[in-house]
Every structure is written in structure tokens, then in C-alpha cells.
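Number of protein chains: 2
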Amino acid sequence: MPMRVGIGILGGGVVGGSLARRLLGDRASISEKTGLDLELVKVAVRDIDKDRAFPRDYVTHRLEEVVDHPDVDLVVELMGGLEPARSLILRALQAGKPVVTANKELVAADGPALFDTAAAKGVSLLFEAAVGGGIPLIRPLMESLAGERLTRVLGIVNGTTNFILTAMDEGGTSYEAALAEAQRLGFAEADPTADVSGADAAAKATILAGLAFGVWVDQGQVHREGIERLDRGDLAFARQLGYVVKLVAAADRNPTGVSVRVHPTLVPRDHPLAAIRGATNAVFVEGPAIGQLLFSGPGAGGEPTATAVLGDVIDAARELLAGAQVAPRIRFNDRAVGDITSNTTRWYIRLEVADAPGVLAAIAGVFGSAGVSIASVWQEGRGDDATLILITHEGPESAHREAVKQLMALDVVKQVAATIRVLLPES
Amino acid sequence: MPMRVGIGILGGGVVGGSLARRLLGDRASISEKTGLDLELVKVAVRDIDKDRAFPRDYVTHRLEEVVDHPDVDLVVELMGGLEPARSLILRALQAGKPVVTANKELVAADGPALFDTAAAKGVSLLFEAAVGGGIPLIRPLMESLAGERLTRVLGIVNGTTNFILTAMDEGGTSYEAALAEAQRLGFAEADPTADVSGADAAAKATILAGLAFGVWVDQGQVHREGIERLDRGDLAFARQLGYVVKLVAAADRNPTGVSVRVHPTLVPRDHPLAAIRGATNAVFVEGPAIGQLLFSGPGAGGEPTATAVLGDVIDAARELLAGAQVAPRIRFNDRAVGDITSNTTRWYIRLEVADAPGVLAAIAGVFGSAGVSIASVWQEGRGDDATLILITHEGPESAHREAVKQLMALDVVKQVAATIRVLLPES
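Line order of the protein sequences matches chains A and B.
Under the working numbering, the first residue of the first sequence carries the number 223, and numbering increases by one thereafter.
Under the working numbering, the first residue of the second sequence carries the number 223, and numbering increases by one thereafter.
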């Protein structure tokens, strides 16, 4: 006799629609597989007349009606954004109803407070779909790897920017053209800011870092550089030097604390991340015992994301029916947020310089006095001017910043045209 | 106030030793992270005087003493083999003690009976480390993907054979030389049969198939070919044709039921599995909604495997302390085990033939009458004899078998020297 759990969904978009269809269409097979009778009770949609994807009996435009409905035992939040999602999730948790959400923005901003409320009420708050779409990442980090002292989490967690960078790299197109193509194909939104600025990746990196290191980093403390100002010339230079440029999110511990950052990164062509094309996501989880684990798959999209949400719904329903819940799965300590200038780094630097005797010596002198060692130099002349590409050896971020500051003060340096970090093999 | 759970370990080998060291050394950090005080109580080792890796207070050579110890709340089985592991696990479950095991052989052979006992007693039986060493696979399959109708599970799940095949491919060495090297480096055991015959991979494939499709396939019903008879010449031909040979374990549904098989497989050089080198494992999980998910990492070794075991220990301890457990996580239905001859397949075939007029026509005629379409042919003459390499198009396994049977009956065919399946892009 399968055990019934009533499901309410907040948000009738792509993911909500896919989830509702699966709950209705796969009810028998889910029951056969899990012993749970998941019954869709209500879906809150923005506009009842417009959102005709759902049977009319199920839809409402009143969000509270879903949360408060007596037959709704479990709430799925798929609206996104901070409010009213936060208030509705808290309202459900306070009523003892478990919540499943895919809202990375909210979890990144308010995770610990939400987890505390869930723990206090003894109900589940699950968010597998908030990072990596259909890729199981949250559960492995929280459960399978709970006994590992992780050293680094690193990956490509935004499909829109990876699609754009893949197009720029493979097609030699400009950022603007690649963005327009991504928008035309539905891989980028009309307002692409959250993706191309790195904000979306930063929220995901915060969540991964929180689970990996027990420190929840405020979004303002994430070092964040987007892809908007990337020059296709730098992608071409990178290619000639054996690299591909990816928007990499990374978190590790430096001497001052946990450092989270998102920025364009030169990835060696033979590194597995270099092979991650288009809208695919891939995350490496590293630790002394497990070495490197790689998880990859579809990072977005209604169907894959609905699979992750449904996995959480099944898990939360199991726990709800068990009628008991242990201490919170997630505990945070007070280890500090790290200062990025304490990181070890390696940079690709493009300088526009005068093509005159002694220029290279002056530039090399700056690096030497800043304590940055140069790994390779490549010069391309064009009349009176020259382009100088340098790649440094690993060294302190602070020293790299000092070198660039001094370079800008040199007369022979017309412009520090680009600085892009290079992937380090390990933390 | 952390909640104490007493841990007993059966087996003091590489994984048991690593786990014991972590329980003793990381007790405070595990407690900080999880709120659980995991206390090592007893470790059963084979020879107390020899196994000096453990503090003497903890060790015993009496297996029952660990299971029955009043302070042991949770039993970790790391002995391997069917007996006495099975009896000890059942004894622990009957006593209401959750069990964590890495024993793929036992879980593959007796999984459903063990799960039933655990469910009847309301305690956990977890086995993340049984497949893929340190790679989280079991939990994602059972939980994150519980709502997906999976179509195929496919991967490299035996590090020993992958190490040998990588050496044969990259070094051009013979199977015997590569095996000897693997033994010298500790990647293969003195008796390598379980690995090179595909039996280890078959057990893992059975477990993955059971979780993915709800059908537990008897080991005798797994189609299994090892790597012992692989000729380095075929690896070289494969390389020239753009393939690398891997021992691939696969499970999917065919028209008659669930088909599980392990056999050498030609993998296109640009496929992600082709890049999995040495002792690394990699598994693809495929479904209509999630597309392809890839999990890869260290497939064996004491430290990675201990991480997976420790993750299970933490999860089982949480459930134990919650004092309640829901219906079994794993349910099996009565869908049939599939007949491999109903599969769709594609073969690489090497024939030793007479180098005479009309030979190719005769051979092509056989394929035609069997209903197998040829994708490419490559001939290499040597005096009176010639080697003919054929790769077929996708077609029924039964038709391929019929074609080979007829080829063997042809006078001009001296030998069907090799048949190796080719990876299909999807089920």
C-alpha cells in the first residue's frame, strides 16, 4: 500500500511544468519504484489563463493557497528570486511542511537561516537542483563525502556562459555575436546579466563552498569577474598557447580562510574541463583521500532540473513519512572567509607596448621587483606598437596585483589590455 | 552535544585500516561537521600479531565479538567474499544494527535478500563503496535519480583491467606484459582472475542495473567476456580505425528485459570514456530527461574507498539516531532479465582469410544473408594470407552471431580471429 504525499508547486515555468507533468504521468511508476504515492495537489502559476500547460483543476494564482492547502504535505518552490520565495518557504517550514527548492539565489543568500528554520521544525529543506541542474552534486557533497576533508571544489556551473565561450573559441566570433546566438537559441535570457556577470555562478559556488567547507560566504565577498569584456583576440592567443578560456567557479582554503571566486580562466587543452562544451556543466571535487572526482551533465533545462527536483521530493517524502528527523545535515562553523589576495595564482597578461629597445627589460624588471616569476613571453609586433603576452609562474595574488599596478605606471606600457587567471593543477 | 555511535569494523585490510585511522584521527572534525560522535569500538583482523596497524585495544580476531559487542551500534563489513560476510551482516541486521559494506560480490549475489532483512528490521544497509570506489554512484542512483526512467548505465568499473588496457594501448605491450606490470605496481592481484575475467565488473554492473532498473540479474545471466584473450594486434587495428579498447560494463532494457553485460568494447577516441586512463573509473547514467550524466574518479584504493564507507557510516548513524526508518529505499519488480541476443549491437571482426579472388564477395555474401550490414572493411595482405577487419552497422546480436557462425563454415575463412563489440551512442 503506497504512502500518499500531497505535493504543491510554486511556479509554473519550465521546471514546474516538467515536474507537474512527471508527477501526473509517472505517478504509478514512481509508486512502484519508491512505494510513495506522490499526488500533485496544486500549482501556483502567474497567469491562469496563459499557463494552459496544467490541468485547470490544479492551478491557482494565489501562492499562499498552495502552501496552506490542507492536502499539500510538501512544497516545491520553483519561482526563483528572493521574495516572495523566502517568505513562502519559511511559511511552509513553520507549518512543518518539507520544502524542495531549485532557488540558488535564495539558498546562496540565506542558506544558513533557512536550514536553521528547517532543523528547528524537524523537516527537510532540499536543494539538489540549485547547483548543476540535473547533476547530482549537493547530495554527494553532503552525504557521500561527509567524511572527507575536501581541499577544492572547481568547475563550470553556468551553461549560458559556457555556450558563449565555446562559440567564441570554436567559431572565432565576438562576445556580442556569440551572446546574440545564445539568445536566439534560448541558451541566454533577454537580460543576460545574471549569467554573463558571473552572479549566477557565484551563487552556485557559494553553495558548493558552504557544503564543502562549512563556511557560508556572503555574495559580496565572492571575487567575481564576468565574461562581458573578454576579447576574442585573447581567446585566440590562449588557443595558440594551448589553452581554452572557461568561466570557472572555484572554492578552496587559503591561509586566511575560505576563498570563493568566479572568473574567466585559461584551462589547458588537455584538462577535462577544456572538453566541457556548450551548455554542459562539470564540477571537480578534490580531497586528499578521494583525489579528483568529476561530475558532469546537463547544467540547466526543464527536464534535467525536474529530475533533480523529483529526486529531492522523493527523499523529503521518505523523511516526512518516517516521522522523525535527525540533527541538521548541514552545520556551519565560524572559519573565516578568505581574502583573495592571499591566494596563489597564475596570470595571463596582455600588454600593449611601444615596440622599442629596452621595453622587455623594463617590463621584466617590474615583475622581478614585484616578486612574480615569468613562465613565458610572446611578442607580436605591429609597426610602432607591439602586443606582449606573458604567462606567469604560480605566485601570490598580491604580488600579481602589485606587478600590474607598476606596469600601468610604466611609460612604455600603453595598456594592460587583459589579465586572465590560469587554472592551477591543485590548491 | 554530539550524539555517540559505536562503530565495529570487520576486516583490517587496506580499506579497514584507512577507515580506522580516519575514525580515530578525524573524530573531532567529523563531530564538528556532522554532530555525530563516531567512536571506533572494535576491529576484527585476521592475525592480531601481524596487523599492527591498529591500536591493540581495538583489535580482536573474533568476528562475532565485533558484531555482538554491546558498544557497537553500527557494523562495517570490509572482509569481502560471500561467507562469513553474509552471516555476519545478517546477524548484525537481526540485532537491529545498521550495516555498511563495500562487498560487491555479496551485494551482487544476495542484494535483495539482504535489503529485505534490513527493511524488515528497519535498519540501514548501505554499500556506496561496492561500486566505483570513492565515486558517489549508489546514492545518486537511489536518491537523486529516483524520479528518472533511466535508459542505460554504462562505464568502466574495474581499474585493474583499465590499467592493463591503457598500458597495452599506449605502450603497445602484450596482455601478459601489461598484467605483469600491473601486478608489480600493485594494481593487479597475484591471482588476477576476478578482475581480468570481468567477474568483478559484472558484480558491479549487476548492482548498478538493480538500482537503475529494479531488476536484480543473477551473475550467471550476465554476458561476460574478459580481457585475457585480447590480442595487442587488435588494439593496434582499433587505434588505426580511431578507437580504443576498454572493458565496458553496460546495462539497459532490450525488448525481452534488462540486459547486463561486460565485454571489451571499441570506444571512439573522441568519446569521454576513451580518455579514462589507468585505474580511474567512469560511469555514464542516461535517461530521457537528464541526458547523459558522467561520474568519474578513483575506482579503488584504500583511501578513496574509505571515504565512501565513511559517508555511508555517517548516513547510517544519522538514520539510526533518528530512531525511525521509512519503507525500503530499494524495491524490485518482476521485470524479466533480458536475453542478450535481443540486443542491438555493432561488431569489430578480424578474419584470417586466403588472399584469393572472390574472398571478399563470399564474406560479404554471408553478412548479407545474415542481415548484417557492413560499415567498413580493411584488408592487409601477407603473402597467401590476408587479414580482413570489418566493422558492422548496428543490428541484432542474433544476426551478428549467425553471420560469424556462417563465416566459420566458409572455406576461404581460416579463422574468425576476434570479435569485439563497438560502443553504441545510445540504447
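Some clues are possibly wrong.
You can't tell identical chains apart in this list, so a pair holds if it fits in one copy or across any two.
Below are the EDC-like pairs computed for lysine to aspartate or glutamate, each with C-alpha atoms no more than 20 Å apart in a straight line [what the hints assert, rightly or not]:
(1) 255 with 392
(2) 636 with 453
(3) 636 with 248
(4) 343 with 398
(5) 636 with 577
(6) 636 with 648
(7) 255 with 365
(8) 627 with 602
Since the hints were made in silico from the structure, they are not lab data.
Subject >> Numbers of unmet hints, in rising order >> reply: 1, 3, 4, 6, 8
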